[in-house]
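Enquirer: Below are the chains, spelled out letter by letter.
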Amino acid sequence: MIKTQNLTKTYGKGEGKVTALDGVDITIKDGEMVAIIGKSGSGKSTLLNLLGGLDKATDGTVFYDDKDLSTMNDTKLSEFRLKNIGFVFQFFDLIPELTAEENVMFPAKLAKKKETAESDLYSALDINDRVKHYPSEMSGGQQQRAAIARALINDPDVILCDEPTGNLDKASGEEVMNLLKKLNKEQNKTVIIVTHDSEIAAQCTRTIEISDGKVKRA
Amino acid sequence: MMNNNDVTELAEKAKQGSKTAFEKLYKEFYQKLYYFVKQNVSAPDAAEDITAETFCSAMEHISELHSNESFVGWLYCIAYHKCADYNKKTATDRRCIDGAAELAALSEPVFLPDDYAVNTQTKQQLQAVIDSLPPDMRAVIILYYYDDLSLAEVAKVIGTNKNNAAQKLHTARKKLRSKIEKLIGKGSLFSAVPLSAVLANLENAGLLSGAAATAAALGAAAAVPVTLSKLSGGTAKELTRFTFKYWSKHKKSLAALLFSGVLLCAVVCCAFLQVRGEANRQRHAIYDIYGQYDVMLINADDSFLNDLTERKQPEKTEVINVLGDIDIYGNNFAYGYAENSIELAHIPFKSGHLPEKENEAAVSIGVLKQAGYNGTVGDTIRIGGKEYTLKGIINEEYDNRIASQINNDALQNGVVSPTPIPLIYIGKPANAPKTLYTITMFSGVVKGEDENTTVFGMPINDFTELVSEEFGAENSMWSFQLNNNDPNAAKITESKGTSEDTRWLMILLSIAAVIAVLSVFSILRIIFAQRRNTFEILRRIGVSKRKTYVLYTTECLLFIVIQTIVGFGAGILFYTILHKFQVNALEYADYSAFTSDRLITNSTYDPFVIAALFSAAVMAVSYLVCIVLSAIREHRRIFGLQKKTARSMINTSLSCKIITFIQTISLTLIILGSMLGYIYYSSDGKAFMNYLTYEPPASYDIAGELNMEQDGIEEYYCCQKPNPIIIGDESNGIPLMQPDYSSGLDDDTVNKLGNVTAAGEITGTFLYSDKENGNLGSSIIVDESLKDISKISNKECRDFFKNGNIGSKHLYSVTTKLVNEQVLKSLESSVISGKIDIDALNSGKEVIALVSFDTDRFKVQEELNIAAAEFNESYGIKSVSSAKIKIGAVVKVSGDTTNRLLSHVLSGNRDYYLMTTQQGAQTIGLPGAKYTEMFSDCHIDGGLIPPSANMDKMSLSELKHKRFLEKASSLGSVILLIVFMAILGFAAYFNGIGLKIMLKEYEISIMRAVGTSRSRIRRQLFISNLRIPLFSTLLASTAVIALQKHLHTMYDKVVSIAAPNEAGVIEFTEDINQKQHTLSTSQSRCLWFLP
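If you read the sequences in order, they're chains A and B.
According to this note's numbering, the first sequence is numbered sequentially starting from 79.
According to this note's numbering, the second sequence is numbered sequentially starting from 24.
Check the hints yourself; a few may be wrong.
[As the list claims (entries may be wrong)] List of simulated lysine-lysine pairs, DSS-like, C-alpha gap at most 25 Å:
| # | chain 1 | residue 1 | chain 2 | residue 2 |
| --- | --- | --- | --- | --- |
| 1 | B | 339 | B | 451 |
| 2 | A | 154 | A | 81 |
| 3 | A | 187 | A | 161 |
| 4 | A | 134 | A | 294 |
| 5 | A | 190 | B | 568 |
| 6 | A | 248 | B | 50 |
| 7 | A | 187 | B | 268 |
| 8 | A | 154 | B | 260 |
Hints are computed from structural coordinates only; laboratory data are not their basis.
Using the sequences provided together with the hints, build the complete structure.
Expert: Below you can see the structure in the form of structure tokens.
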């Protein structure tokens, strides 16, 4: 279960101060598939970064079960991220110098995981014939699928997605969404998707709408 | 891609009902149209629908298309109206797009054609800007710039006339520009980001870098394992592997980075070594005059020395034992041996070294010259009747030591040599004879300055008193004085910092260093910009910031270590080549930067430490600033770079190469310009110019008066001319060594050589007569000392002359010239009486009288008695021969009648000579009758000259070549360095421009997108990029001045330590007004101080 309490994030100081998140309280149960929607600048990406421990909240806390992210230092947060969270971003964000396989296996190696189900992943994601390729040699959909494989390699409980279909054509976008839905249903992964696309939000079990840094609808 | 004809054709076919043709058109225009529609309606789904509808509608109404050529415009027209309908329906006001919406658009997917925007983020941002325009303007922009419709077609599509469309386009463009500027920050669109960023970052990093750089540099090697250990086990391995993988994929970047770093290190290392080498030269030159000791005592007894050293232990003590002195041509030279290697006396060797074994010797070149000896190391010489192998030739500077001369007057009445420092060293004899006196030298016993000076730990006055007491207070001719007005000290002060070679080298090398720094920096900027994204991904995966930076740091340290090592290797190699060139081709003194000379190593900074610190600090600063920068970027995200590398950017921007080219030239010009300004308008610069334009005196002068170039002499061969032999003065005695100054060339050989003028001079010939002024012509001036042979002091010589039946006769000294037929032929016009008969000359019956003024001295066919003395090689007279000769002709050689060459060959310091050929001289029995000089106006075949000739050769072409090398050493190396700098500048500039294009990618693509032509962008970039050279010039000039000041200080330190004033050295001088001090042979002791 993921729970936030009075989660606040501000940037800058004095007159230039911008409040990106303003006292957000949300609870996401294990196995939920949640869409966070809102206009850009509403704070949804900031929320995702805080949920993923990429940023430090100005105020408030994020709990993963009983673990308080705000008490962790960067090293511990990174360790936590490595083992418990998988990220999928709009721009596939594969490391260009590594092949798809190396990209996928990188977190596993960092986590010193010996047994991984990468071949199952490749099959499931239909990138078996692409694993030896560099990102530049792959299509957008393939890249995104590889990025999802990387997010899943350490078998995290939570998958955080920031506009996962944003940069894909319609067909590829649908494939990715189906995949995420499948992961949610079959493996009971918690999936949190940041999007501004109401169609994608409609495919999730729950929608949280953020506006001006506040939860408008949970 | 279809061309217009294809489109027209297909439109016609479609009109006629061809489904395939319409399908082709659909495929061709779907994406474009979809994009156009998408810009005009908000929802992507709606856009798809509208696009589809547009094509349906087009298919339905294709028959209504009037002209096939305007199919595209017609299609857009339909789409535009459909969009307008849709927008009306949904009533979405797209006009009011505020900042937030603009940002919202940033995260939307983009379908811009690839030509216009290079990376995804650029596409997004560009789209956001275009989206924010009112719909009609948006449509105009897209149609005109993106879909390449003509203004007329655009007008048709949006349903207006051409003027109105143009108006709309103009307004749209204006709005676009202002929006772009607002987005990026006004005025910064085309600013020189890289360098202003560098400047800003240099300011920011100032404090940080100081501490960080030093720490990083000092602990570079040690820190690598430390930092690696910070990464825990598996992570370390994985991240390290990742880093290697990264660099293996970016070999070119790696190579560029390493190249710049290595170049930087090499330049710095070489510069410091060169400075150090120059400093060594200067310092050695000073030591050559002064030696390295503070106090020198002659014949001080052991108890006194013990007393002194108990007061203060000297840093070093050395002893020379002088065995006696040897008379060479009237001058006495001390000879002796050194107990150990002579370091404090600092003996400068021209070649070779001190003797090591008993039968070896090292002799000052001055002594050798005095003896007319022109030998080389390895020869056998006789000193005091004993044979030695010559192991070393000591340079002239050593003869000019103050210590060699200071007591000249004081010592000249004693037996002790006037040059108490021995100029002749022999190996320590097995059974060393009793020494005449010892010289004990001390270093590190004089401290402080002026009144505070202490010697052996006691005040100067006390020391004076003590020494006077010890050496005889009653003979108080010795005194001490502080060396305040020593002319030599002044000389040294002048020489401080005047090594122009060092200075100009430093100026140029420091500019090169600055360029190399910029180069490293800009490459790093590119690399870090490229990797920023990667490290962001790493963070998301779960690599902590700390680990990321540990990785960075480790990598940096590794680079520093590698670059330093390789760079130093290259620097040393370059310096070694430079040094070898200077020593071999330019004949510089061979004092390398690599010296083990204790005093130099003690008093100068270690060049390696300095260079290592400097270059490591520079690189560490560059790396650290980049790390800091990348950290700042993470927060600011000013430059949203994704995956495109600088390289691919350069590849896609061909035009940028032209910009680069022009800018590099301007950069180089401006740097050189500032340098030249510095040269012309600063005093240092003027000194530099003086050095460059200084013309050493033409070295084509030979034999004192001839100029090879002017007098048409291509080659000149010469043996050492004999010193005049002086007989008759008791104190001068007989010469110790009689040098072999003949060439060994005879007439036959000379004739074979071709167009050669050969000449020789035979001394030791006399005319003699029973009576005073007998039959020699009334006007010959008799050398008084030769009048009566009985006055010759040397018994052996006197006896010889008596036995030769010449003893009681009157002798007249005469010099005989030896010439070849070439000279004789050219003399024919100068004959004033008689005639030149070559046969008579060769047979020895006749000689020619050569006069300058008095034509009455010799009468033709007058009979003369001639005698000649032949000397032993090393000592005394060997034999005397005599003959009767006649004067065949009298020749007058005054300036008018002979050319310069002939004048030189024939003239001397006397008014008259006798002249004969070699064959004639041999018949008469004149000893040493060999040519000593040869001149030729063309190349002489060296093979015809026997090796035994042992003549010094001078060749005009060789001299010219040497002159050329000398000039090349100044001008040439300046040019080389300028070229070197230009290459560096080029490299730096390419890096800089690569970086700039990458950072400006966004702006460039926007400019392209809004329809700015490539040439216009080029122009704008060119103008804005002038900041780069201006900035680099400022930076370079500051660095040049700062660096030069520092290095100068460092360099001065080397010199000033040796300067007497600053070292507080005192000098002991004799007071000549007091009564003369006489030194007894064995007990006399003297002392003096030397700087």
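Enquirer: So which of the earlier hints does this model not fit?
Expert: No numbers; nothing is violated.
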